[in-house]
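Colleague: One line per chain: the protein sequences are D and V, in this order.
Following the working numbering, the numbering of the first sequence begins with 85 at its first residue and continues without gaps.
Following the working numbering, the numbering of the second sequence begins with 19 at its first residue and continues without gaps.
FYI, nobody ran anything at the bench for these hints, they're computed from the structure.
Hints are supplied without guarantee of correctness; some may be wrong.
Stated by the list, open to error - Part of the chain V face toward chain D, derived, beta carbon under 8 Å:
#	residue
1	Gln137
2	Ala225
3	Tyr649
Remember, predicted model here, so these are calculated numbers, not experimental data.
No residue lacks a Cβ here, since even glycine has one placed at the ideal position from N, Cα and C.
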Amino acid sequence: MSKYAMLIDVNECIGCYACRVACQTTNDLPSDISRIKFMEKEKGTFPETEIVVLPTQCMHCDEPACVDVCPTGASFKNEDGLVLIDYDKCIGCKYCITACPYDARTFNTSTGKVDKCNFCAPRVQRGMQPACVEACVNDARFFGEVDDSNSPISKLIAEADTAKVGGTSFYYKLPEGWDESLPEDAIKPAYVKNLTERVHPAGKALLGLSAGAVAASYVMTRVNGGHEDEE
Amino acid sequence: MKLNRRTFLKLSAATASMAALGASKYRSVDNWASANERPSNITTAYSVCNSCGNRCGIMAYLRNGRLWRITGNPDDNKSGGKICTRGHGYAQMVYDKYRLSQPLKRTSDGSFVEIPWEQAYQEIGDKLMGVVRKYGPQSVFWSEYSKPISNFYGARLMAALGSPNWTTHSSTCFVGRNVGFDYTLGGLPSGDYENTKYVVFVGRSPADGMGLNILKGLGVAKKKGAKVVSVDPRLSYSAGVLADEWVAVKPGTDLALLLAWMNVLIAENLYDKGFVENYTVGFAELKEMVKQYTPEWAETITGVKAEQIRRIGRELGANRPAAFLEPGWHAAYGSNYANSTQTARATAIVNGLLGNINKPGGLCFYNRVSFGGLNPELYPTPPASPYERVDGAGVKGKYPLTLSTGLHHLLPGLAKEGKLKAGIFYSVNPGRTVPDRNYVIEGYKNLELTIVIDWQMSETAEQFADYVLPESHPMERDGIVEAIASSRPQVTMQAKVIDPVHSGGRGLDRIVSELATAMGLERFFNFTLEDLNKAMLFPLGLFPVHLKSRGIVDGDAGQWHYEFPVDGSGKPSLRTKSGKVEFFSSSFAEHGHNPLPAWQAPKVMPSGDKLRMIHGHQAYHTHAQTMNNPYLMSITKDYEGDSIWLNTETAKRLGISDGDTVQVSGNGWEAKSKVKVTQRIHPEALFVPGGYGGFAKSLVRGYGIGVNINDFLKHDTEPISGHAMMEEVLVSVKRA
Chain D
85 MSKYAMLIDV
95 NECIGCYACR
105 VACQTTNDLP
115 SDISRIKFME
125 KEKGTFPETE
135 IVVLPTQCMH
145 CDEPACVDVC
155 PTGASFKNED
165 GLVLIDYDKC
175 IGCKYCITAC
185 PYDARTFNTS
195 TGKVDKCNFC
205 APRVQRGMQP
215 ACVEACVNDA
225 RFFGEVDDSN
235 SPISKLIAEA
245 DTAKVGGTSF
255 YYKLPEGWDE
265 SLPEDAIKPA
275 YVKNLTERVH
285 PAGKALLGLS
295 AGAVAASYVM
305 TRVNGGHEDE
315 E
Chain V
19 MKLNRRTFLK
29 LSAATASMAA
39 LGASKYRSVD
49 NWASANERPS
59 NITTAYSVCN
69 SCGNRCGIMA
79 YLRNGRLWRI
89 TGNPDDNKSG
99 GKICTRGHGY
109 AQMVYDKYRL
119 SQPLKRTSDG
129 SFVEIPWEQA
139 YQEIGDKLMG
149 VVRKYGPQSV
159 FWSEYSKPIS
169 NFYGARLMAA
179 LGSPNWTTHS
189 STCFVGRNVG
199 FDYTLGGLPS
209 GDYENTKYVV
219 FVGRSPADGM
229 GLNILKGLGV
239 AKKKGAKVVS
249 VDPRLSYSAG
259 VLADEWVAVK
269 PGTDLALLLA
279 WMNVLIAENL
289 YDKGFVENYT
299 VGFAELKEMV
309 KQYTPEWAET
319 ITGVKAEQIR
329 RIGRELGANR
339 PAAFLEPGWH
349 AAYGSNYANS
359 TQTARATAIV
369 NGLLGNINKP
379 GGLCFYNRVS
389 FGGLNPELYP
399 TPPASPYERV
409 DGAGVKGKYP
419 LTLSTGLHHL
429 LPGLAKEGKL
439 KAGIFYSVNP
449 GRTVPDRNYV
459 IEGYKNLELT
469 IVIDWQMSET
479 AEQFADYVLP
489 ESHPMERDGI
499 VEAIASSRPQ
509 VTMQAKVIDP
519 VHSGGRGLDR
529 IVSELATAMG
539 LERFFNFTLE
549 DLNKAMLFPL
559 GLFPVHLKSR
569 GIVDGDAGQW
579 HYEFPVDGSG
589 KPSLRTKSGK
599 VEFFSSSFAE
609 HGHNPLPAWQ
619 APKVMPSGDK
629 LRMIHGHQAY
639 HTHAQTMNNP
649 YLMSITKDYE
659 GDSIWLNTET
669 AKRLGISDGD
679 TVQVSGNGWE
689 AKSKVKVTQR
699 IHPEALFVPG
709 GYGGFAKSLV
719 RGYGIGVNIN
729 DFLKHDTEPI
739 SGHAMMEEVL
749 VSVKRA
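Working from the sequences, and respecting the hints, build out all of it.
Modeller: Encoded structure:
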């Protein structure tokens, strides 16, 4: 078991999108679906203008809202801290897309399932870096195990100018004066909180009409086919 | 099952337990990854990226024999193990459905029909020889986006025909820079980025135009405390991210800034006196001239505060010789302004004052390996053409100082005048990338024979080609061996990575050789590309297989030393007339140009609501070549990358808001565009990104997207290096 994290040094991000396309090709995504999004901000008045480019993707939250709302259990968090999707179970209901506070999930029309960053788990399994980290032309991206305090990423995390996105596995280094650009802590949308804290578990099936029905029928099929010992 | 409350709750519990089940099934990263991976056989192959002129070394990953992804070759000094956005996208085009697969011939109704290769060769050969017989070989030209394969085969075909007109894209790209540097430093040096303490980019943006080795070198230098300055009318990603300081110069006035830096370096005795004494000519004349160009004077021209100019001048002097002005590419002095060639000279001269030539952290003339060549006894070399170039490049009284690669933007006019009758366009698209669309298309339509060789359609092919010959994609074919100049010289080659996807496409080597054979010129093409590569590598003790299996091979080109170049007798031996840095250029004087780069204003200047249109690369597009690339165009789409940029204050004055659609007019051309209102651009400039404004219907993903600066330009030529003056244009803008 390892705990993985990613760090983006915004001081070095030149907004070139190399990570986006490398991610797309590595993960066999259609050209119009990207797991990485880019937020560009400017401040100051000409010629005292400053910019930052802030790439975001799945932050691999500690308590992921997407997992809470997933009606089929397709989205889950594993022991390594990765939020993953079991594609056999994903029914494409898109609840997770609306629940994600970071807009990190997209619907892949070619598969009919939801897509998002998995920290390139198949590469990480082989001891490789995620494709976005490997591809970054200006060495703005870092990835590794945070359990090991001697790992390069742990050392970067320990530096004073590194900020954690609260409740996630994501860290940023921001230029001076840009602290407010740090993505908000992982806060679950109110309806997800309601769902998990108050009306759970029944609330899940009440989330919406069509998707709820799909989910229910899917579960019913499974239940009917399984061992149900009625009272 | 009836759905009552009880069963409903049970269902929900089942859902929860299934979620738990899922988690337990894929507990660790390993088993999820294994379950989600296709069974596959991964192999790798080395090659060279073709997506721009940088030619970075790559590693291609194939999955079950199909190209999957590429990375930079870590051994390559140019890519440093990285590959840019364009490279990733370009490689995937090998499978694109819009690739050309069969030769095309234009029919009488203007459409194209597919024809077999043999018919194409026969018809083209007959017609081309007919033109040569009727009008002479000087009426034929070759035009290319410069690549090693066409540098050889295109030039050789022209020589075989007797034509002097082998031409590259240089006059709309970098010719002003090269001529300026050639007549000052005797060539174009490279920055010693890793060891520099202070570097100034005058116009060039390595984060947008892409210079992977520069990014890598700056990364090393910055960690050691180096300072990076970016001179640019726009806060590019280089100015905004890489640089410590942005000098927001008024577009077209960089020359004034450079003259002020000369003034500061000389007036404050910050220049390298020993170097100037030993290795330069014309210092006295230069000193006299720049007396007048104080930072205060430059402020009135450039809009940059005198104290900022003076401080940077002092910082350059304090950090010399590990300080340099980067030699640039297209932007400030490649081919944009009436003063560009002299601005390039001025950039080179500031470097001379800093005495940084072949110094650690300065500008270096690195070694490159010397290749062999074909044995002329076995493979006869076509004689050089006895004719002068029709475009006047290298011709007395026309453009004697410019490069032998010619002035391709002049060719349409020469076709209209009847001086050119047939042309071959290789991987170049003047229909979109040369200024003044109507001039280009109407001019080239006068040709009796137009052949386009490319792997995709283009504005050029659609508008005026008679024949379109499909080249295979670079991933499908070998190229010519290449030398990489560096402190550690290297040799590499583009190598075939996958079997051709389309059986119809052929490599340029084969197309040219077979066409030459159809014209009875086979004696000059009695060798294969493999023969040629073997002959070139012979003196190095290498074979193509070494490059294919290792990607990059270190070449022995002698030990690199940080020493000013000297000949056997110890005399300075830069490749200038004097062997020294020429502050004063007697060659320029001889041909009626100012031997010193005195201040010269651009041809047009913004005033009132007339703005200067400027342009520049995006990191994710290469000119118009990538306009049909689905990966790269989806970036444009997602981030409105085709928007033009307007300064916030200017926009406010004109009643324009961010995201508005605006109408841009200038030189009789009008176009609509979305606008990005930003503090990142000079108030007198309007920025047009990349190679948009596609009007080739077959390039569906880029058709009608964005605007292109070339449409707002009128055909024009600067007199020294003969470039196309691509930012001498004023436009007005209003809400559409």
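Colleague: Give a verdict on every hint.
Modeller: Evaluated hints:
Nearest Cβ of chain D to the Cβ of Gln137/V: about 36 Å, over the 8 Å cut. The hint is violated. The interface hint given for Ala225/V holds, since its Cβ lies 4 Å from the closest Cβ of chain D, which is under the 8 Å cut-off. Here the hint on Tyr649/V is kept, as its CB sits about 4 Å from the closest CB of chain D, short of 8 Å.
Figure legend: structure checked against the earlier numbered hints; the only hint not met is number 1.
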